[in-house]
Amino acid sequence: MKKRVVLPPYIFWLVTFVLVPMSLVVYFAFTDKNGNFSLSNLNDVFLYSNVFLRSIWLGFIATSFCFLIGYPTAYIISRVNIKCRKFLIAMIMLPMWTNFLLKTYAWMTILEERGFVSCFFQFLGIGKFSLINTSSAVVFGMVYNFITYMILPIYSVLIRNDRHLVEAAQDLGANQLKIFLKVTFPLSLPGVIAGIAMVFVPSVSTFVLSKMLGGGKDLLIGDIIDMQFLGSVYNPCLGSAISLVLMILVFICSGIMNQFVKREERTVIAL
Amino acid sequence: MKNIKLIIRNKVFLFVFVAVILVFLFLKSIFGNCQSFKKITINVYNWGNHISDGSNGYLDVNAEFEKRTGIQVNYTTYLDNESLFAKLNGSSTKYDVIFPSDYMIAKLIEKDMITKLDFNMIKNASTIDKEFLNPQYDPTNEYSVPYTWGVIGIFYNKKIVDDPKEKIDWDIFWNPKYKGKILMFENSPRDALALSLLKLKLSINTTKIEDLQRAAQEMINQRPLINSYVSEQVFDKIGSGEAALAPYYSDAYIVNSKNEDIGFVVPKSGTNKFVNAMCVPKDSNHKKEAMQYINFICNPDIAVENISHVAYCTPQSVVRKRLDPKVANSELVYPSKEILSKSFTYKNLPDDINIAVNNLWLKTRIDGYNGKLKLILIFLIFILLYFTILIYKFIKKRKEFKLYEF
Amino acid sequence: MIFSFNSSKSRILWTGFTFEWYKSLFEDKEILKSLNNTLFVAFTASIFATIIGTIAAAGILKLNKYYQKVILSVTRLPLINPEIVNGISLMLLFVFIHKKTGFFEQGIFTLILSHITFCLPYVVLSVIPKLRQLTPNIYEAALDLGCTPFSAFLKVVLREIMPGVVTGGIMAFTVSIDDFVVSYFTGGAVQTLSISIYSMSKRSISPKINALSTLLFLSTLILLIIINFRESKENIKKKELI
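Chains as they are written, first to last, in this note's numbering: chain Z, 1 to 271; chain C, 272 to 677; chain A, 678 to 919.
Treat each hint with caution, since some may be false.
[To be verified] Restricting the straight-line Cα-Cα distance to at most 16 Å, the calculated cross-link-like pairs of lysine to aspartate or glutamate (EDC-like) are:
no.: 1; chain 1: Z; residue 1: 33; chain 2: C; residue 2: 622
no.: 2; chain 1: C; residue 1: 472; chain 2: C; residue 2: 442
no.: 3; chain 1: A; residue 1: 706; chain 2: C; residue 2: 381
no.: 4; chain 1: C; residue 1: 382; chain 2: C; residue 2: 531
no.: 5; chain 1: C; residue 1: 618; chain 2: C; residue 2: 381
no.: 6; chain 1: C; residue 1: 608; chain 2: C; residue 2: 402
no.: 7; chain 1: C; residue 1: 472; chain 2: C; residue 2: 482
no.: 8; chain 1: A; residue 1: 879; chain 2: C; residue 2: 507
no.: 9; chain 1: C; residue 1: 539; chain 2: C; residue 2: 442
no.: 10; chain 1: C; residue 1: 365; chain 2: C; residue 2: 381
no.: 11; chain 1: C; residue 1: 558; chain 2: C; residue 2: 413
no.: 12; chain 1: C; residue 1: 436; chain 2: C; residue 2: 602
no.: 13; chain 1: C; residue 1: 450; chain 2: C; residue 2: 437
no.: 14; chain 1: A; residue 1: 879; chain 2: C; residue 2: 337
no.: 15; chain 1: C; residue 1: 643; chain 2: Z; residue 2: 44
no.: 16; chain 1: A; residue 1: 777; chain 2: C; residue 2: 554
no.: 17; chain 1: C; residue 1: 553; chain 2: A; residue 2: 782
no.: 18; chain 1: C; residue 1: 559; chain 2: C; residue 2: 402
no.: 19; chain 1: C; residue 1: 558; chain 2: C; residue 2: 572
no.: 20; chain 1: C; residue 1: 429; chain 2: C; residue 2: 532
no.: 21; chain 1: A; residue 1: 776; chain 2: C; residue 2: 554
no.: 22; chain 1: Z; residue 1: 178; chain 2: Z; residue 2: 167
no.: 23; chain 1: A; residue 1: 706; chain 2: C; residue 2: 324
no.: 24; chain 1: Z; residue 1: 182; chain 2: Z; residue 2: 171
no.: 25; chain 1: C; residue 1: 430; chain 2: C; residue 2: 531
no.: 26; chain 1: C; residue 1: 470; chain 2: C; residue 2: 482
no.: 27; chain 1: C; residue 1: 378; chain 2: C; residue 2: 532
no.: 28; chain 1: A; residue 1: 706; chain 2: C; residue 2: 335
no.: 29; chain 1: C; residue 1: 470; chain 2: C; residue 2: 489
no.: 30; chain 1: Z; residue 1: 33; chain 2: C; residue 2: 602
no.: 31; chain 1: C; residue 1: 553; chain 2: C; residue 2: 324
no.: 32; chain 1: A; residue 1: 706; chain 2: C; residue 2: 440
no.: 33; chain 1: C; residue 1: 634; chain 2: Z; residue 2: 171
no.: 34; chain 1: C; residue 1: 539; chain 2: C; residue 2: 609
no.: 35; chain 1: C; residue 1: 365; chain 2: A; residue 2: 782
no.: 36; chain 1: A; residue 1: 739; chain 2: A; residue 2: 855
no.: 37; chain 1: C; residue 1: 592; chain 2: C; residue 2: 433
no.: 38; chain 1: C; residue 1: 613; chain 2: C; residue 2: 440
no.: 39; chain 1: C; residue 1: 450; chain 2: C; residue 2: 434
no.: 40; chain 1: C; residue 1: 470; chain 2: C; residue 2: 440
If you're looking for bench data, these hints aren't it; they were derived computationally from the structure.
From a predicted model like this one, the values you see are computed outputs, not experimental measurements.
From just these sequences and the hints, can you work out the full model?
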């Protein structure tokens, strides 16, 4: 009885606001300006290959940095006592809850040539050091903005792990390193993979970071899409084609990720 | 037991507290929105920093308009003509007053996107100088009312740039001496390409693809020298010495500013002259109010305050006479006849050339077209990886299945 | 983590606690207006998303496995998709409908619709685990005891899954407040806070933004403290009950 009343509005919503828009993207990707079928847009996408490559590359670097910083952090947090843990998690959530643009804007002023970081380095005697307007600044922005998405899933997996397994390994004579490599790390793999997906996707598709931190020199896919729709180069068909390719890339990635994660864990991680 | 009760009461108190705050915020936001729903709101879409907002001690123009007429102004900004066109064309937002430049007005007229103005309602338009009437972009003078004008020149930091002022020309942007100190236009394809066309001594209205390609190549060559692509931050960056050189629109900022380091020069070899004018899009919902707004802006009393802040040149000599004489008589702001005789206004280009210009500009921004093969390779690797995993899992499952059978 | 401290602290250092900027911040109509818009959109969107999402979650669990899987993966689409693709696809939809019928002029209404859309998965996915934990017969028991289906749902089921609903709602609210990309593409001429910050960042640097970020930072800090406080109280309560 009930499901008949309850579900149709939701399904209607999903169809109109999720599926139809996405099929519109596909539709526009395959039509030219006069509404005829054409493949030229998809062909043109490859003109922007180096933007794709740059985005993937920067996304990859940012993801690895996130992992290298995020995993130890999550590990440490999951090991300390509960009060401390709460505090640390709150500290990590804090930047996540401030506006993304405000954070980036703050970094703009800090990384400037006369900014905080450069003053600091000058103070240390290393000399003038300017990060802003380089691609390292963009990567830095990505790492800073998305690292929470790496820490939280790893942490939530680590915390649910059974302590007894570690103890058992200890009893069986494994040393710390071995325990970590053979027990803790494999068990935390789902969290790691979820974290990688959650960092990689937004950093590949980010669209204001490069303008704000990179001085607009290294445009990323997001910027190009923006330019095709609301920016200087108005061409929504090409924009849709680029988004379509981006979408496919992301779906392949998430498909790969999904293979590693068990079904029940997926819902947990999605949150 | 008592303890629990206390805790519960505490929790309830907290909950109520949070709820009250939330409800208050919610009601406030609804109230704020209702207020603007009741009144007529016009959407004004202007260039960034192109109206007096009350920040420099001059009149807040929009607030004054709201006060006098009771019409609300929703004021938003854009960065260049092309994004204005994209927004008008590619989104279903309805604007009431827009401020495109010369060539974009011609394009909008051609595409039938702006409406004829009702000059009975814009009585103050009579104060516009004769030389700005019936311009080539709007020959019948029916669609637009000039707002400001100016030329593109070079802003530089006097401490860093040691070339004599007379010798500064467009090719200074290609001078390796200033590597990492050069700023460029962030968004406007026409302006950016015009720069290298001017350097190459070609017409900025060229329709020859070869010329445009040459210009684009120049821009790509210039890339290693560039500090960043910015729009309105040129003054900050040059003032602080982070950058040394930037092409930008002539602006009385240079006269008003206390920063002695910033210099401005319009190269003798010629430049671009632009006029920004007010227009009303065809699909505007409040055309009458839009006309009222334009009339209000043209009112000399308002325009004096407005232009004092905006600091571009005014097309109303009535207004110019009442400006601060330091600005009104400055050759930096109001270029001499000699410069004006060598400055060109953009013409509206045919559609296909426009597309070519945009694409070439984008090409310069992304550092050329390359890496196609690599991208395909990466895609293939991703797909292969996916399938190997799938196949591996499939095989594993079958093995497990067999195990179960035994 | 160290970075978070670093940035926030230097932001505070930057503003230096002169009240002038705060004053000018509160006099800036553009920012106040966009703050108003942001709050309005976030409240409406999160409330609607919570209601629709909770009901939908209840409905989804009644389906058989296959349909459940299909609907859940469609629900998850906006999460997997890059934000920018969500934004442009919704924009294309609104423009398309507008060209055909004249409805959906971009403005606050489309903004709310798109916010509901990307808030929904957060609600649905946080309610479903709670529903799964629910004792399966509790709903029927309520019906047997003479409740109407509606009141049974309201009084029994909703009460049990309330934590999930609240988490979902809060999540939807924060996501909606924080959103920039989707609003940028679907909001038309409506300025939300993120959009005005974006357009401010294009202009010459103004200390107002620092004042604004300090204020926002403080308010999130207070919110977090309150939530933590609540959670720890809840924990104590649970322990005592055990």
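For each hint, the structure was consulted:
no.: 1; hint: 33/Z to 622/C; result: holds (12 Å)
no.: 2; hint: 472/C to 442/C; result: holds (10 Å)
no.: 3; hint: 706/A to 381/C; result: violated (37 Å)
no.: 4; hint: 382/C to 531/C; result: violated (45 Å)
no.: 5; hint: 618/C to 381/C; result: holds (12 Å)
no.: 6; hint: 608/C to 402/C; result: holds (13 Å)
no.: 7; hint: 472/C to 482/C; result: holds (10 Å)
no.: 8; hint: 879/A to 507/C; result: holds (12 Å)
no.: 9; hint: 539/C to 442/C; result: holds (12 Å)
no.: 10; hint: 365/C to 381/C; result: violated (19 Å)
no.: 11; hint: 558/C to 413/C; result: holds (15 Å)
no.: 12; hint: 436/C to 602/C; result: holds (14 Å)
no.: 13; hint: 450/C to 437/C; result: violated (21 Å)
no.: 14; hint: 879/A to 337/C; result: violated (26 Å)
no.: 15; hint: 643/C to 44/Z; result: holds (11 Å)
no.: 16; hint: 777/A to 554/C; result: holds (15 Å)
no.: 17; hint: 553/C to 782/A; result: holds (15 Å)
no.: 18; hint: 559/C to 402/C; result: violated (27 Å)
no.: 19; hint: 558/C to 572/C; result: violated (23 Å)
no.: 20; hint: 429/C to 532/C; result: holds (5 Å)
no.: 21; hint: 776/A to 554/C; result: holds (12 Å)
no.: 22; hint: 178/Z to 167/Z; result: holds (13 Å)
no.: 23; hint: 706/A to 324/C; result: holds (10 Å)
no.: 24; hint: 182/Z to 171/Z; result: holds (14 Å)
no.: 25; hint: 430/C to 531/C; result: holds (10 Å)
no.: 26; hint: 470/C to 482/C; result: holds (12 Å)
no.: 27; hint: 378/C to 532/C; result: violated (39 Å)
no.: 28; hint: 706/A to 335/C; result: holds (13 Å)
no.: 29; hint: 470/C to 489/C; result: holds (9 Å)
no.: 30; hint: 33/Z to 602/C; result: violated (46 Å)
no.: 31; hint: 553/C to 324/C; result: violated (27 Å)
no.: 32; hint: 706/A to 440/C; result: violated (42 Å)
no.: 33; hint: 634/C to 171/Z; result: violated (63 Å)
no.: 34; hint: 539/C to 609/C; result: holds (8 Å)
no.: 35; hint: 365/C to 782/A; result: holds (7 Å)
no.: 36; hint: 739/A to 855/A; result: violated (33 Å)
no.: 37; hint: 592/C to 433/C; result: violated (35 Å)
no.: 38; hint: 613/C to 440/C; result: holds (14 Å)
no.: 39; hint: 450/C to 434/C; result: holds (15 Å)
no.: 40; hint: 470/C to 440/C; result: holds (8 Å)
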